[in-house]
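Protein chains in written order, with my numbering: chain A, 1 to 222; chain B, 1 to 222.
Heads up, some of the hints might be wrong.
Identical copies go unnamed one by one, so any copy, or any two together, can satisfy a pair.
No more than 20 Å apart at the CA atoms, straight line, and that leaves these computed lysine to aspartate or glutamate pairs for DMTMM-like [to be verified]:
#, residue 1, residue 2
1, 210, 47
2, 36, 73
3, 30, 170
4, 210, 43
5, 210, 110
6, 209, 106
7, 186, 139
8, 186, 220
9, 176, 121
10, 210, 139
11, 186, 106
12, 210, 106
13, 210, 115
14, 30, 203
Bear in mind the hints are in silico, worked out from the structure with no lab data behind them.
2 protein chains.
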Amino acid sequence: MSHAAAPSLPAALAPDALLERLRWRYAVKKFDPGRKIPAATWDALEDVLRLSPSSYGLQPWRFVVVQDTALRETLRAVSWGQPQITDASHLVVFAARRDLGAADVERLIDATAQERSLTRESLAGFARALTSFAQSGRDLHAWSARQTYIALGFFLEACALLGVDACPMEGIEPAKYDEILGLTDKGYGALCVATAGYRSAEDAYAHAKKVRFPAGHVIERR
Amino acid sequence: MSHAAAPSLPAALAPDALLERLRWRYAVKKFDPGRKIPAATWDALEDVLRLSPSSYGLQPWRFVVVQDTALRETLRAVSWGQPQITDASHLVVFAARRDLGAADVERLIDATAQERSLTRESLAGFARALTSFAQSGRDLHAWSARQTYIALGFFLEACALLGVDACPMEGIEPAKYDEILGLTDKGYGALCVATAGYRSAEDAYAHAKKVRFPAGHVIERR
Numbered sequence: 001m002s003h004a005a006a007p008s009l010p011a012a013l014a015p016d017a018l019l020e021r022l023r024w025r026y027a028v029k030k031f032d033p034g035r036k037i038p039a040a041t042w043d044a045l046e047d048v049l050r051l052s053p054s055s056y057g058l059q060p061w062r063f064v065v066v067q068d069t070a071l072r073e074t075l076r077a078v079s080w081g082q083p084q085i086t087d088a089s090h091l092v093v094f095a096a097r098r099d100l101g102a103a104d105v106e107r108l109i110d111a112t113a114q115e116r117s118l119t120r121e122s123l124a125g126f127a128r129a130l131t132s133f134a135q136s137g138r139d140l141h142a143w144s145a146r147q148t149y150i151a152l153g154f155f156l157e158a159c160a161l162l163g164v165d166a167c168p169m170e171g172i173e174p175a176k177y178d179e180i181l182g183l184t185d186k187g188y189g190a191l192c193v194a195t196a197g198y199r200s201a202e203d204a205y206a207h208a209k210k211v212r213f214p215a216g217h218v219i220e221r222r
Numbered sequence: 001m002s003h004a005a006a007p008s009l010p011a012a013l014a015p016d017a018l019l020e021r022l023r024w025r026y027a028v029k030k031f032d033p034g035r036k037i038p039a040a041t042w043d044a045l046e047d048v049l050r051l052s053p054s055s056y057g058l059q060p061w062r063f064v065v066v067q068d069t070a071l072r073e074t075l076r077a078v079s080w081g082q083p084q085i086t087d088a089s090h091l092v093v094f095a096a097r098r099d100l101g102a103a104d105v106e107r108l109i110d111a112t113a114q115e116r117s118l119t120r121e122s123l124a125g126f127a128r129a130l131t132s133f134a135q136s137g138r139d140l141h142a143w144s145a146r147q148t149y150i151a152l153g154f155f156l157e158a159c160a161l162l163g164v165d166a167c168p169m170e171g172i173e174p175a176k177y178d179e180i181l182g183l184t185d186k187g188y189g190a191l192c193v194a195t196a197g198y199r200s201a202e203d204a205y206a207h208a209k210k211v212r213f214p215a216g217h218v219i220e221r222r
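Using the sequences provided together with the hints, build the complete structure.
Below, the structure is given as structure tokens:
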């Protein structure tokens with residue numbers, strides 16, 4: 001069999017079940033501030049972030065989970081005052097690596113050697129490819145930002161599947177986030193946030209029809 | 001109840017089931033060329049692409065599904081010859097809008113008015129916000145590219161949930177893709193592709209341990 005599953009692998013979802021859960025999601029404008037995501041569910045969402053794929057497996061990202069109330073207030077002030085920042089159960093800041101250098105290459109080679117019980121020597125070709133990519137002169141922060149948005153997609157879809165509401169938000173002041181969270185010194189730059197929790201019964205947007213262009217406008221078959 | 005579900009909404013997934021399916025996925029190096037994704041499953045994956053969230057709901061993307069064998073060969077030649085381009089059941093090219101202008105704003109306002117049975121006048125504030133964003137002077141292709149990577153994340157997670165194998169690939173020559181698929185004239189630029197199908201029994205990478213940095217390296221709790 002070409003598709004052998006591990007004995008414990010849960011069954012694949014029915015396509016309709018997946019689509020129904022994705023249609024259930026929307027960008028929450030008003031969260032129920034009294035309702036918290038259970039710890040086991042949140043832990044899984046953090047694991048989803050970690051499991052997100054990235055090119056070369058470089059994981060050029062950092063996810064800052066902000067639970068401190070005062071810090072959430074501070075961040076709200078540099079997020080156009082949007083209430084989701086403080087009212088949602090959880091807040092994650094998505095930040096991308098500003099640059100990639102020898103240390104990043106080393107870190108991935110080390111992790112690969114360890115996880116797969118390989119020698120560093122056997123990974124020399126991979127290390128050369130990574131080094132060449134890091135030295136290619138392309139805009140590595142822009143590249144890392146794209147990768148980080150894969151993780152954002154992974155996170156939002158996972159929320160919908162686990163019955164957690166969310167709102168991705170680009171309306172933040174990234175430079176202020178970097179300063180407040182000390183991201184610049186660590187070599188990362190904030191891109192956007194995702195708030196997660198449970199929709200308020202008063203959020204009228206929960207009932208608004210989802211707006212998507214017709215398939216023919218976005219999907220082309222060749 | 002703050003979290004009322006539509007009567008038909010399928011139950012949320014158990015966190016462990018979601019994680020197991022995400023651990024099952026990997027970037028396939030060798031597909032089984034004889035195995036095709038069933039039409040109903042593929043249709044759902046196209047719907048997943050359409051349902052992907054984007055900032056402002058602008059959907060600044062185009063997904064080109066290439067089924068023509070000769071065209072797949074042509075694209076493989078500008079993708080460093082990687083065999084997945086021709087061997088996978090399906091190939092999707094992810095392209096992002098190069099610029100955003102008045103026509104894009106109009107298109108979204110029209111779609112919103114129609115879907116939600118609203119007058120265009122009632123959407124004037126939204127239209128102004130969109131216009132202001134389009135004229136903000138930021139790099140809109142870079143912005144659209146990030147949004148498109150949300151869709152890539154959505155697609156890859158959906159594949160894993162539906163039991164479809166996939167491989168995201170940035171190793172393509174985007175300018176050649178633009179030329180071959182006529183994307184530039186339509187105002188889009190190719191970013192990357194995703195191949196989807198079923199892993200070959202001979203793909204040794206199916207058994208390689210997934211390499212992820214420890215939680216403490218990528219997740220910071222504040």
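Inset, instruction - Could you check the structure against the hints above and give me the numbers of any it violates, in ascending order? - result: 9, 10
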